[in-house]
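Peer 1: These are the residues of each chain, in order.
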Amino acid sequence: MSNLPDTILLRYGELALKGGNRNFFEKILATNIATATAHIAEVKVLRERGRMTATLRTNPERIERVAARIAEVPGLSSLSLCIPCAADADTISAMINERLLEMFEFASPDAPRITFRVETKRADKRFPKSSTELDLYIAERLPESLWDKLQVQLKRPELVIGIDIRAKGAYVYFGRTPGLGGLPVGSQGRAVCLLSGGIDSPVAAYCAIKRGCRVDFISFLSPPYIGEPTRQKLIKLVRKVGRFQPKNRLHIVPFTEIQEAIRDDAPEAYRTILYRRMMQKIASRIAFRNRGKAIITGESIGQVASQTLSNIACIEDASLLPVIRPLIGFDKLETIKIAREIGTFDISNEPEPDCCTVFMPHGPVIHGQIEHCRAAEENLDMKGLIDRALKGIEAIDIDTDA
Amino acid sequence: MNDSIYLDHAATTRVAEDVAATMMRALGPEFGNPSSRHPLGSSAAASIEEARRAVAGALGTRSEGVLFTSGGTEANNLAVIGFSRALRSGKHGAPSGHILIGPTEHPSIRASAASLVEEGFEVEIMRLTPGDKSGGLDIADAASRLRGDTVLVAQMIVNNEYGTRYDIARLSRAIAARAPQAHLHVDAVQALGKIELDPAGLVDGSVSSSFAVSAHKIHGPKGTGALVLSNACLDAERLPRPIIHGGGQQGDVRPGTENVPGIMGFGTAIGAATRDSAGTTIALVTARKALEAALAEHVPAARVLIPWSDESTSSMAPQVVSVLVPGAPSEVWLHHLEEVGVFASAGSACQAKKQDLSPALLALGLTTEQARRVLRFSFSSSTTTADCIEAARRMASVSGSLARL
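Those protein sequences? They're chains A and B, same order as listed.
The numbering of the first sequence is our numbering, which starts it at 556 and goes up by one.
The numbering of the second sequence is our numbering, which starts it at 6 and goes up by one.
Hints listed in this document are in silico derivations from the structure and should not be mistaken for laboratory results.
If you're wondering where the values come from, they're calculated on a predicted model, not measured in any experiment.
Quick reminder that beta carbons are idealized off the backbone N, C-alpha and C, glycines included.
Do not rely on the hints blindly, as some may be mistaken.
The calculated label-pair distances, taken between Cβ atoms and stated as ranges, are [to be verified]:
{"id": "1", "chain 1": "B", "residue 1": "A145", "chain 2": "A", "residue 2": "D643", "range": "26 to 34 Å"}
{"id": "2", "chain 1": "B", "residue 1": "T389", "chain 2": "A", "residue 2": "E896", "range": "43 to 51 Å"}
{"id": "3", "chain 1": "B", "residue 1": "A241", "chain 2": "A", "residue 2": "G884", "range": "26 to 34 Å"}
{"id": "4", "chain 1": "A", "residue 1": "D645", "chain 2": "B", "residue 2": "A91", "range": "26 to 34 Å"}
{"id": "5", "chain 1": "A", "residue 1": "N578", "chain 2": "B", "residue 2": "G141", "range": "20 to 28 Å"}
{"id": "6", "chain 1": "B", "residue 1": "A241", "chain 2": "A", "residue 2": "D645", "range": "35 to 43 Å"}
{"id": "7", "chain 1": "A", "residue 1": "R654", "chain 2": "B", "residue 2": "H340", "range": "33 to 41 Å"}
Not close to chain A: a few residues of chain B, all C-beta gaps over 10 Å, as computed [what the hints assert, rightly or not]:
{"id": "8", "residue": "L32"}
{"id": "9", "residue": "P44"}
{"id": "10", "residue": "S48"}
{"id": "11", "residue": "A51"}
{"id": "12", "residue": "L92"}
{"id": "13", "residue": "G125"}
{"id": "14", "residue": "A283"}
{"id": "15", "residue": "A298"}
{"id": "16", "residue": "S387"}
{"id": "17", "residue": "A391"}
Isolated chain A, as found in the complex (with noise of 0.2 Å):
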């Protein structure tokens, strides 16, 4: 008998409430749990009824690591390592025993006792006993050195020991480690997110991600004020939130000529609006190429000068497109305790200045007036500068995995 698990059972999360589309979400998910574990190992997705399963076609000594990875696809609500077994309530049960041994092996007699149940799923109904007769079969057969160190509780209990009776053998599982929740990126379409370095647009990024939508990262360079350095911050960032979709862009576009231009031509206090006017701008056509619905930011109300409610409504009238602003009711350290889960704060936190920095405005405008932001850009030449940057684009495709 092998008492290595063989399975991942996996459990959606929303998904599970999705009617008639849910046939379209579950193939999304199948194939972006595929594309993120493909470089572990070659795992072969199955849909059930109302969940999947996971198998490794080759490296079977990675599922742990296969587990980690899936872990982090949007879509799950949990997934649990399966232990193939026979069909049979005795070894069944001599297999749960043999592991639950090995696991209080060393628990100290004064320990407190861990709560559990046995949960039985019968696919197989021809399994000679109900559900319930199997959960209490096992219990009652538990060893008995730990019956101190155990104690049934049929609410979120701290161990669930899960059996699985299937037509071709069992599955026995303990725990369910939590998946990410959300839904499968791709199901919501495609969004553009503008990634300036700082801590909040990475996390904006991964809201967006979560939800469903597969993002394009945009950042503006300024070079030579801004240097190599800082390119490289972008990169990382894009390696660390990109891992929770199977397919990353970034988009680095020259902002240089656009800089000097507001800087010479356009009233200083007004300076960063039409900056991010004009990365609204460019953004959307951006958008535009790869069938991009939306533009992510990482603003939040209030946090700088630039993101009061008057100035939001100035950048916003730049768009072609709905901006979405996941943040927009965070606090700064709710925003920071999310980027240190994904692992982005560490990268966001290392000092390379971004775009904004360059000519920043001594004294910028707190309350922005739109009809102010339109006349000072009747003095540039806006279209002449939008498509020059849009020439001089530079594509990165990044694989989180490599």
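Following the hints, complete the assembly by docking chain B onto the known chain A.
Peer 2: Showing chain B alone in chain A's frame:
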């Protein structure tokens, strides 16, 4: 002279051609200091990050947990000294905490731990299971030694002298239950590229762990290794205290201008060494079985210390074969074998010059006289069955005179 047969891969390996080619880039046009702000610097920094991802990818960890060092010895020092100091309770000189190390550890672990005694740490050594012919670790005994003030447990995963694979998973469960505050350090220098080294699969999820690896055992360059921190270790925001101090590189945990050529070479080597772990295992087991069979046929008086069996897959790493040779001491055998073009070693190469005997061999229950007669043959995935058979034949050609000594 005959073509030489190199069966000393546990000591070191030949640098692979693609590794050398990668390194030549850094030795030539890509010579920048990774901390420099110009493109030569940035591209060196990007190359290092690429290698960092390759090392992290091979172990299934996050790249920020990879600390490049000057080799396995420094990685072991950084882990043992750095984590013990980071997790110590008392002030310098006062009782500081308890350290538990394996019975067969490499000197870089044993000596690092010993150096901490004067700082107030108490060092204890685990033991092998009495009477276990495959040399397994006595984990029940280890568990009874774990305490509330244990800061560090250091246990190698693959024995460098006879290939025993220790049950790190079970040891980590003992730590989780008895000393959850402790850090588990695993010397994985002999295991890298030979068995799957994923902390998530090897170590209880609640235990913070680190792994020491070295480039020159996997056809990479000498002078490069890494201490790899597990995701559990990173999640607990646990870092070793630096043992050398400098200018902020690698988060100041291991400062010093990075060894760019070595690190780039390591990145290339580790990718190749870990790409097909199942295939590598098959090649190594095949070579090992061939050597064991050929020895039985040609040098029947020699005894393989831990012969390979079907159960060995979980308790042994296949690439190291230790042989108790008849008659002459191993040193004499080595020189006779080199005359016929077979390169092996006695005990571990780092100790070959020392007079004292290998604690690992003694821990296995050998007498001192027997411990002086142990030869070690070790393979890489490039070792062929033909090499092994020919090596045994050549051994037979010198055994006539030596066995009678």
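Peer 1: Say whether it holds or is violated: B:S387 keeps its Cβ farther than 10 Å from all Cβ of chain A.
Peer 2: holds (21 Å)
Peer 1: Hint says 26 to 34 Å; check whether the CB-CB distance for B:A241 and A:G884 agrees.
Peer 2: For A:G884 against B:A241, whose Cβ atoms are near 30 Å apart, the range 26 to 34 Å holds.
Peer 1: Verify that the Cβ of B:A298 lies farther than 10 Å from every Cβ atom of chain A, and report whether the claim holds or is violated.
Peer 2: Holds, because the least Cβ-Cβ distance between B:A298 and chain A comes to about 27 Å, which exceeds 10 Å.
Peer 1: If we take the beta carbon of B:S48, is the closest beta carbon in chain A still more than 10 Å away?
Peer 2: The claim is violated: B:S48 sits with its nearest Cβ about 8 Å from chain A, within 10 Å.
Peer 1: Taking C-beta pairs only, is B:G125 more than 10 Å away from all of chain A?
Peer 2: Correct as stated: the minimum Cβ-Cβ distance to chain A is 26 Å, above 10 Å.
Peer 1: Within 26 to 34 Å or not, the Cβ separation of A:D645 and B:A91?
Peer 2: Given a distance of about 49 Å, which is not inside 26 to 34 Å, the answer is violated.
Peer 1: So the hint says 20 to 28 Å: do the beta-carbon atoms of A:N578 and B:G141 match that?
Peer 2: violated (51 Å)
Peer 1: Please confirm whether B:P44 is truly not at the interface, meaning its C-beta sits more than 10 Å away from all C-beta atoms of chain A.
Peer 2: Check fails; 5 Å does not lie beyond 10 Å.
Peer 1: Could you let me know if the closest chain A CB is still more than 10 Å away from the CB of B:L32?
Peer 2: It holds; B:L32 is separated from chain A by about 22 Å at its closest Cβ, greater than 10 Å.
Peer 1: Checking the smallest CB distance to chain A, is B:L92 really beyond 10 Å?
Peer 2: Label holds. Min Cβ-Cβ 20 Å, cutoff 10 Å.
Peer 1: Is 26 to 34 Å respected by the C-beta to C-beta distance linking B:A145 and A:D643?
Peer 2: holds (32 Å)
Peer 1: Holds or violated: the 35 to 43 Å window for the beta-carbon distance between B:A241 and A:D645?
Peer 2: holds (41 Å)
Of the numbered hints given earlier, the model fails hints 4, 5, 7, 9, 10, 11, 14; all others are met.
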